[in-house]
Amino acid sequence: AQTVTQSQPEMSVQEAETVTLSCTYDTSENNYYLFWYKQPPSRQMILVIRQEAYKQQNATENRFSVNFQKAAKSFSLKISDSQLGDTAMYFCAFMKHAQGAQKLVFGQGTRLTINP
Amino acid sequence: NAGVTQTPKFRVLKTGQSMTLLCAQDMNHEYMYWYRQDPGMGLRLIHYSVGEGTTAKGEVPDGYNVSRLKKQNFLLGLESAAPSQTSVYFCASSRGDRGYTGYTFGSGTRLTVV
Numbered sequence: 001a002q003t004v005t006q007s008q009p010e011m012s013v014q015e016a017e018t019v020t021l022s023c024t025y026d027t028s029e030n031n032y033y034l035f036w037y038k039q040p041p042s043r044q045m046i047l048v049i050r051q052e053a054y055k056q057q058n059a060t061e062n063r064f065s066v067n068f069q070k071a072a073k074s075f076s077l078k079i080s081d082s083q084l085g086d087t088a089m090y091f092c093a094f095m096k097h098a099q100g101a102q103k104l105v106f107g108q109g110t111r112l113t114i115n116p
Numbered sequence: 001n002a003g004v005t006q007t008p009k010f011r012v013l014k015t016g017q018s019m020t021l022l023c024a025q026d027m028n029h030e031y032m033y034w035y036r037q038d039p040g041m042g043l044r045l046i047h048y049s050v051g052e053g054t055t056a057k058g059e060v061p062d063g064y065n066v067s068r069l070k071k072q073n074f075l076l077g078l079e080s081a082a083p084s085q086t087s088v089y090f091c092a093s094s095r096g097d098r099g100y101t102g103y104t105f106g107s108g109t110r111l112t113v114v
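So the protein sequences, as listed, match chains A and B. The first sequence: position 7 = 7 (the working numbering), numbered continuously. The second sequence: position 104 = 104 (the working numbering), numbered continuously.
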């Protein structure tokens, strides 16, 4: 079974700083997807970024980028020029690339606070 | 464009009571899921469905039942609520094509069992 581990329960940085959230996973699969979801106080789950394992290039979305190290099974999220609106819970998640149910496996989450 | 709608948004139950959480999607998605979110544990899959009339167990199915009689609806039932079922419940759906097609999440239901 796949597992996802986020070793940082909480993080706090000043506005405009850069912050990196860690995620490691365990799988024997070769093809899969990795995701970062953001959950603000509204509780809504918002997709931040996704990475397909067969793509070597790291995914980027504006201020958000990932460092995907397939051999090390590591998938960290970097937030540049952090903003107050980035304050949220962040979840790393894994999905097998296969037919059938597209089940997400989530990490425990990291609570990120951006301070003014 | 409602997406995925969960009802109710909040509920307080007494131990032993039963209730049903309703999830409705208007995107004609094939796959639907129920997750629960607990502090320090992320989201865990309770049950899922890959089409109308089908259901399957996820990671934490005990104490829950589900039904998918109509493609657009996925019901989660608690027959005899326990305090351990206090949680935030999320429904999600996905198109179900070959490969990843993306999740749409509902806004969650906060359930407290006293």
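FYI, nobody ran anything at the bench for these hints, they're computed from the structure. Incorrect hints may appear among the rest.
[Stated by the list, open to error] Calculated cross-link-like contacts (lysine to any residue; reagent style SDA-like; alpha-carbon spacing at most 20 Å):
1) A:Lys103 <-> B:Asn73
2) A:Lys96 <-> B:Glu30
3) A:Lys70 <-> A:Ile46
4) A:Lys96 <-> B:Ala56
Being a predicted model, the structure only gives us computed values, none of them experimental.
Violated hints, by number in ascending order, as checked against the structure: Violated hint: only 3; rest satisfied.
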